[in-house]
Amino acid sequence: MNHLLIAPVVLPAVVAPLIAMVTRHHIDLTRIFSLAASVALVILTLVLGVQAMDGSVQVYELGNWKAPFGIVLVLDRLSAMMCILTAILALIINLYAVGTGWDKRGSNFHSLFQFQLMGIQGAFLTGDAFNLFVFFEVLLIASYGLTIHAGGARRFRAGVQYVVYNLLGSSLFLFALGTIYAVTGTLNMADLAVKVAELSPDNTALLRVGAIMLLLVFCIKAALLPLHFWLPASYAEAPAPVAALFAIMTKVGAYAILRFFTLIFGPEVQATTGLAGDWLLPAALFTLAAGAIGVLGARDLGRVIAYGAITSMGTLLIAVSLFTPEAAAAALYYTVHSTFAAALLFLVTDMVVERRGAEVTPKAPMAQNGLIAALFFVGAIALAGMPPISGFIGKLLVMDAARGHEMVWTIWAVILVGSLVTILGLARAGTIIFWKSYDATTEVPETDEDTAEATPTASLPFVATFGLVVGLVLLTVFAGPMSNYATATAEQLFTPSIYIENVLGDTK
Amino acid sequence: MELLVASAVGVLTAAGIYLILRRRTFPVILGLSLLSYAVNVFLFATGRLLVGAPPILNKYEEVAYTDPLPQALVLTAIVISFGMTAVVVMIALGAYLSSKTDDINMDDAAEAGEDA
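Chains as they are written, first to last, in this note's numbering: chain A, 1 to 508; chain B, 1001 to 1116.
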């Protein structure tokens, strides 16, 4: 057994209480520990990524209990990729939070941050459905603390909505798991896949109910259209580094859909055939449309970007809902891209909000206007999917994967018009904030004094945001190797027998 | 027995959903608690209902046993929902104390804030 496999969960789980209990009165020590843990996490996940590169599926049996009876962690290409993505994003956001001093504005930022990482890494690694629920709760309870970090009336109220919505989702998750357990008698994912495939087709009503409830839960996490109401308010009101970290949270939902509906309720499973795809595709199309309209209509920069994140989830879920290896590969590439793009825009939004407030109205120019405008520009074309940044390649892959589908024209039309509307909305917001400001100049000398005091001129936040830009550029330059890896991952995903044999191998 | 448990789950869920759809925070939290009780009973019933049977196999004689796994799941679920309820109560209190209203709706809060 390779003990490195559990390290991405254990490391933050050890560091978080250490920070909370030992170093909480020393902000410097806290930062050092938290940053060191983030760097170590990146290295760890990269090592795991190299190990998973050859297509092997590694299994870690907790307490050495064999697979269907004990809880297992499973490392395959998909979970390795998601873990690396989370770790890199977390390091960048941690740098940003330290650089801007966001972590000092409330208590326990870094320990909650580490707990959140523990939950996300665990959710990506676990091979047990109930354990997935537990890791969801870990990441959610940490995110509840993070959304209301630094307080404020509006943030608290948005936090209440966010918590209530997610608690409902958690209850639904438990109902779904109970239903599935009642039918199959197991909650190990590989074992579930075997049992579901063996089920006689006339005895599947309960199973279908369970599968649909699971899909609903994951769609709440992924902010799919009728279930997306929690996202704009909580992302726009959350502290910027937290909102940027949440860019990966919606991907946890997409990951879970991809995992469950290829491994357990796969396309060739009779009992649940067509269950997910038929519902997901229209919902994803509407999500993209609603997100694009939201980008155009929102009056506050945080909300513009939050709706932008919804459009990217729409595009991602369109690719997921096709349930073909090509589409899954496109979805994986787009996942990496949209995580970086959304995080970049949330961080840039924070720079703008700190300097001039969130409203999209002309005001006097702010400090470092040009640099921030350039970053916003890069983020906007990345999110909207314009060349030359990786969003273009991602959308191209998604559209290419949709080519054989019967609704191909609808899909293409929605993606293209959605991109156009998104770029219009972002261009409008950018023009008003960065350019119109010069026309509306009233008291330039006074605001200069104010902003000089109010805005930290530290370079670390810019280093962090440029890190995200570099990530996007690398993703574009190395699009070939990256999409090869995504294709290999998708192939592995659509041959569930490899996963099942590796997990249950010893007991048969 | 089955009817009793099933109707209990149904009534708890219905009451929970009704309360969640209220506009004030307190009924919503009560509704969430009721819903978590409902899901606990439901999870308990997923291992089939047996009265007076031990949750362990007897290797010396064939006796009825009840499935121990749902009981473990319920324990986990109880602990988690207890913690979550505590968190949501604290956050709701924070929201109430900082904005002087416990209305769930955000837009009203913005207007109230501007008026004040």
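For the record, the hints were derived by calculation from the structure and aren't laboratory data. Incorrect hints may have been included.
[To be verified] Rough simulated footprint, nothing fancy, chain B against chain A, three-plus residues with beta-carbon under 8 Å:
1) 129–137
2) 156–167
3) 170–183
Quick caveat, the model's predicted, so the values are computed rather than measured. Note that CB positions come from ideal geometry on N, CA and C, so glycine has one too.
Do the hints match the structure? See the list:
1. 129–137: holds (count 3)
2. 156–167: Satisfied; 9 residues make the cut.
3. 170–183: holds (count 9)
No hint from the list above goes unmet by this structure.
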